[in-house]
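Now for the letters of each chain:
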Amino acid sequence: MSQAIRSAKERALQIVEKASRIRIQDARDNIGARTTGRQLKKGHNQMGHTQGALERAAKPPLGWIWGDFFRPWQRMYPGEKLFNADINSRREYIPLSLVELARLIDLGWINPRQPIDVSTLCATQKFQINPKIRQCGFDLTDEGADSFPYPVDIEVQYATQSAIAAVEKVGGRVRTAYYDVESLEAAVNPKAWFEKGRVVPKRKTPPPSLMEYYMDAKNRGYLCEEAEILKERQLSADVRGYSLPAEVKLSDKAVDQVFHGIPSGSVVSLADKKVFAPTNDLHREYYKNQRSDKLYS
Amino acid sequence: MLSRQIRHLLISNRALSTATSSTSGSSSDTQRPLWRKPESPFVQIPQAWVSSLETIEDQKQGLVDLHPDIFRTSPRIDILHRNLTWQSVYRNVQMTKMLTKAEMPGGGRKPWPQKKTGRAHVGSIRAPQFIRGGFANGVRGPRTWFYMLPDAVRIQGLCVALTLKHTQDDLHIVDNLQNLQNGDPKFWIDLCEARNYGYSVLFVDDADTVSGGLAEAQQALPWLNVMPVYGLNCFSLIKYDTVVLSRNALDRIEERLLGHIHRAGPMNKKYRYMDYKEKILQEAEAEEHPHMPPVV
Amino acid sequence: MFSKTALTSLFVTRQAPINICNRGIANIPAHEYHIRFDQRVGRKRPAQDVLDRFKRLNNGMWIHAHPGRHKLRYMKDETWQKTSLYYETCTKEQCEILDKLMTPYWLRPKHYPNDPYSQYHVRHNINSPRVDDRGNFVRERKKVLLDDSTSQRFFNDC
Chain A
1 MSQAIRSAKE RALQIVEKAS RIRIQDARDN IGARTTGRQL KKGHNQMGHT
51 QGALERAAKP PLGWIWGDFF RPWQRMYPGE KLFNADINSR REYIPLSLVE
101 LARLIDLGWI NPRQPIDVST LCATQKFQIN PKIRQCGFDL TDEGADSFPY
151 PVDIEVQYAT QSAIAAVEKV GGRVRTAYYD VESLEAAVNP KAWFEKGRVV
201 PKRKTPPPSL MEYYMDAKNR GYLCEEAEIL KERQLSADVR GYSLPAEVKL
251 SDKAVDQVFH GIPSGSVVSL ADKKVFAPTN DLHREYYKNQ RSDKLYS
Chain U
1 MLSRQIRHLL ISNRALSTAT SSTSGSSSDT QRPLWRKPES PFVQIPQAWV
51 SSLETIEDQK QGLVDLHPDI FRTSPRIDIL HRNLTWQSVY RNVQMTKMLT
101 KAEMPGGGRK PWPQKKTGRA HVGSIRAPQF IRGGFANGVR GPRTWFYMLP
151 DAVRIQGLCV ALTLKHTQDD LHIVDNLQNL QNGDPKFWID LCEARNYGYS
201 VLFVDDADTV SGGLAEAQQA LPWLNVMPVY GLNCFSLIKY DTVVLSRNAL
251 DRIEERLLGH IHRAGPMNKK YRYMDYKEKI LQEAEAEEHP HMPPVV
Chain D
1 MFSKTALTSL FVTRQAPINI CNRGIANIPA HEYHIRFDQR VGRKRPAQDV
51 LDRFKRLNNG MWIHAHPGRH KLRYMKDETW QKTSLYYETC TKEQCEILDK
101 LMTPYWLRPK HYPNDPYSQY HVRHNINSPR VDDRGNFVRE RKKVLLDDST
151 SQRFFNDC
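Chains as they are written, first to last, in the UniProt record's numbering: chain A, 1 to 297; chain U, 1 to 296; chain D, 1 to 158.
Treat each hint with caution, since some may be false.
[Unchecked claim] Simulated DEER-style distance windows between Cβ atoms:
| no. | chain 1 | residue 1 | chain 2 | residue 2 | range |
| --- | --- | --- | --- | --- | --- |
| 1 | U | Gln282 | A | Asn280 | 46 to 54 Å |
| 2 | D | Ser149 | U | Tyr271 | 55 to 63 Å |
| 3 | A | Gln114 | U | Glu193 | 53 to 61 Å |
[As the list claims (entries may be wrong)] When the alpha-carbon atoms are kept at most 25 Å apart in a straight line, the in silico DSS-like pairs for lysine-lysine are as follows:
| no. | chain 1 | residue 1 | chain 2 | residue 2 |
| --- | --- | --- | --- | --- |
| 4 | U | Lys270 | A | Lys126 |
| 5 | U | Lys37 | A | Lys191 |
| 6 | D | Lys142 | U | Lys37 |
| 7 | D | Lys55 | U | Lys277 |
| 8 | U | Lys277 | A | Lys132 |
| 9 | A | Lys81 | D | Lys100 |
| 10 | D | Lys100 | U | Lys269 |
| 11 | U | Lys239 | A | Lys9 |
| 12 | A | Lys196 | U | Lys115 |
| 13 | U | Lys270 | D | Lys55 |
| 14 | D | Lys92 | U | Lys270 |
| 15 | A | Lys81 | D | Lys142 |
| 16 | U | Lys37 | A | Lys126 |
| 17 | U | Lys110 | D | Lys142 |
| 18 | A | Lys132 | A | Lys231 |
No lab work stands behind these hints: they were computed from the structure. Heads up, the beta-carbon is just placed ideally off N, CA and C, and yes, glycines get one too.
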């Protein structure tokens with residue numbers, strides 16, 4: 001191999017090969033790794049004459065730089081409602097672009113032959129979702145929509161139209177589905193949920209403000225009719241000008257189901273590798289009824 | 001280190017020789033499947049000869065592919081240094097404790113009046129300016145230097161140490177270490193001499209215990225040592241001039257290190273207050289003491 | 001006319017000693033020079049008056065409204081009428097100060113669908129490496145998911 005195409009690692013190893021045997025006393029840290037800056041004189045780090053003068057002096061308010069103590073600069077600007085007023089009612093989503101999805105499949109973190117949902121994506125440990133701070137799941141964005149090769153069956157919480165079209169162009173299937181806080185917590189870390197012995201929760205129906213989104217066939221919402229979705233699929237194919245290949249449908253989840261193959265209301269034992277369905281009538285009744293998420297509007 | 005072309009030559013030569021002499025069928029060693037082998041064309045696949053310890057002369061039995069992520073990593077001497085420093089430092093404990101004025105016996109009384117004696121103003125005969133007084137800013141043990149090196153650094157350190165040993169031709173692989181025939185120290189001295197093993201040799205095996213010839217030789221010769229795979233560490237790898245791995249140990253090391261390199265997420269659980277808040281706040285709920293009020 | 005000037009001169013003389021008087025200790029309320037901690041959560045509270053007036057974009061830049069944009073609009077010129085409605089960015093030093101008044105929640109990049117600020121969360125056409133205040137390299141996306149060239153191609157925000 002010539003010098004030009006060899007990697008830096010190989011060149012370093014070539015030096016090691018020629019060197020004498022590396023002993024304990026030869027190991028050393030990088031230059032400058034352990035040295036820190038030194039203080040020249042004691043007085044140099046003091047803003048006052050003495051320490052006591054500092055302690056007893058009047059302190060400016062937080063964020064003050066210059067001028068009046070009573071009117072720090074950050075309070076001179078007008079308030080703006082659009083900035084942060086509705087932070088407690090905003091829903092945050094984790095962006096999942098099509099490039100990142102393709103890369104995860106390329107690297108073997110995700111199997112494209114299995115249906116992909118929140119649990120699959122979180123099991124890669126590449127995304128952190130904390131449902132408690134109003135992170136509601138994944139948003140499928142359209143970066144890399146031109147060259148997305150995998151026909152996948154993916155369920156996300158939010159998706160843009162162009163991302164949906166890109167997946168359907170290669171024969172994939174997209175559904176947007178709502179997860180309430182409890183079921184999202186279960187889906188994000190199923191192992192912890194099962195080990196606690198908690199019941200697999202029932203996915204609640206979305207709050208009123210999101211109901212419209214999930215009942216819209218344009219968004220491939222999980223609450224609308226299959227026929228309408230098929231119509232929309234064809235429509236978007238016609239509008240964007242691609243021929244629609246046959247759809248891969250790997251598996252279908254019920255409207256209230258969190259995990260594939262595990263009915264809600266059951267308990268999972270990881271030690272026995274068994275799923276226990278409820279036998280009590282009261283429990284069965286409870287998990288049969290549809291409930292709406294009343295926590296948020 | 002053999003480059004790709006030379007390796008092909010060697011394989012073809014060996015195939016010819018095996019065809020003629022019909023030795024043992026260990027030729028499948030070369031085609032060892034490597035788990036998650038890097039796809040990059042710049043990565044060379046390191047190789048090593050497999051030999052046996054039964055004879056004094058080095059009789060090669062076959063070639064074995066080593067995983068480039070472990071035996072061909074970049075030689076990060078600084079990471080090796082961090083590992084060695086950690087290993088030598090983390091177990092240090094300083095037990096010295098110099099007594100202060102308060103901890104020395106006596107010294108409660110004022111030795112002479114404060115004024116008009118012409119002597120220094122002193123409150124106690126154990127004051128730090130006295131000989132046989134207490135120490136003002138002394139060494140206050142017990143003090144430890146314990147810290148944990150991050151997992152990733154420890155794993156990379158092991159890979160670096162193995163890489164260094166392999167690139168400097170100090171890593172040898174043998175088929176077996178257990179129940180060797182000859183335990184005579186003279187045999188082992190000759191063996192190491194003939195094969196150009198270094199002044200000190202470390203044998204690494206998969207099993208906890210070793211028996212047979214190697215065990216006897218190890219008793220007699222202080223520069224020869226045996227270690228299980230789980231005891232493998234940077235310090236020993238660098239301390240011993242030559243490292244000899246058994247085939248089982250090689251497989252085990254690769255399996256363990258690769259498992260850690262490709263692990264998703266941290267090994268230790270993160271204990272965040274956020275996750276345990278509810279539990280902690282409800283901790284004293286069931287607590288009912290007959291006399292005392294509840295804690296929370 | 002005379003009485004008016006007399007009045008103003010009177011005020012000036014009245015106010016002068018107050019202005020000269022220099023206070024040794026500024027009595028600002030105690031909560032303003034401490035970092036406040038929430039007793040229930042046991043964590044730092046963000047400065048609320050900053051949150052009311054500023055917004056942090058995902059690239060670490062803070063924006064605020066134009067001060068005095070509602071004052072005497074009728075007597076100001078056309079350009080000002082237009083530009084006063086724009087949001088302004090803070091300087092680097094101001095951004096650093098505001099970051100220190102915040103909690104980790106507010107410093108985290110957040111993604112909202114249909115965000116009106118989505119165009120402004122990334123800095124475009126800047127090819128220099130992005131470095132934070134400690135000199136560490138900052139990426140828009142995680143390295144594991146995307147290498148730098150791919151990130152450049154699709155996200156155009158490196």
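Taking the hints in turn, this is what the structure says about them:
For the pair Gln282/U and Asn280/A, the beta carbons lie near 26 Å from each other, so the given range of 46 to 54 Å is not met. Taking 55 to 63 Å as the suggested C-beta distance range, the pair Ser149/D and Tyr271/U does not conform, at roughly 39 Å. Our hint of 53 to 61 Å for Gln114/A and Glu193/U holds, since their Cβ atoms are close to 59 Å apart. For the proposed pair Lys270/U and Lys126/A, the alpha carbon gap of about 16 Å is at most 25 Å, so the pair holds.
Our distance criterion of 25 Å between C-alpha atoms is broken by Lys37/U and Lys191/A, whose separation comes to about 30 Å. Only pairs whose Cα atoms come within 25 Å are accepted, and Lys142/D paired with Lys37/U is accepted, the gap being roughly 23 Å. For a cut-off of 25 Å, the pair hint linking Lys55/D to Lys277/U is broken: about 30 Å separates their Cα positions. With a C-alpha separation of about 13 Å, the suggested pair Lys277/U and Lys132/A falls inside the 25 Å cut-off, and the hint holds.
A threshold of 25 Å between alpha carbons decides the hint, and for Lys81/A with Lys100/D the separation of about 22 Å falls inside it, so the pair holds. With a CA separation close to 29 Å, the supplied pair Lys100/D and Lys269/U exceeds the 25 Å bound. For the given pair, Lys239/U sits about 24 Å from Lys9/A by alpha-carbon distance, which is consistent with the 25 Å threshold. The suggested pairing of Lys196/A with Lys115/U is violated, with an alpha-carbon distance near 74 Å, which exceeds 25 Å.
Restraint check for Lys270/U and Lys55/D: not satisfied, since their Cα atoms lie roughly 31 Å apart, outside the 25 Å limit. Distance check on the hinted pair: Lys92/D and Lys270/U sit about 34 Å apart at the alpha-carbon level, beyond 25 Å; violated. Distance hint between Lys81/A and Lys142/D is unfulfilled; the C-alpha atoms sit about 32 Å from each other, more than 25 Å. About 22 Å separates the Cα atoms of Lys37/U and Lys126/A, which keeps this hinted pair within 25 Å; it holds.
This hinted pair does not check out: Lys110/U and Lys142/D have alpha carbons roughly 69 Å apart, beyond 25 Å. Taken as a hint, the Lys132/A and Lys231/A pair is broken in the structure, with Cα atoms around 37 Å apart against an allowance of 25 Å.
The structure fails hints 1, 2, 5, 7, 10, 12, 13, 14, 15, 17 and 18 (numbered hints given earlier, in ascending order).
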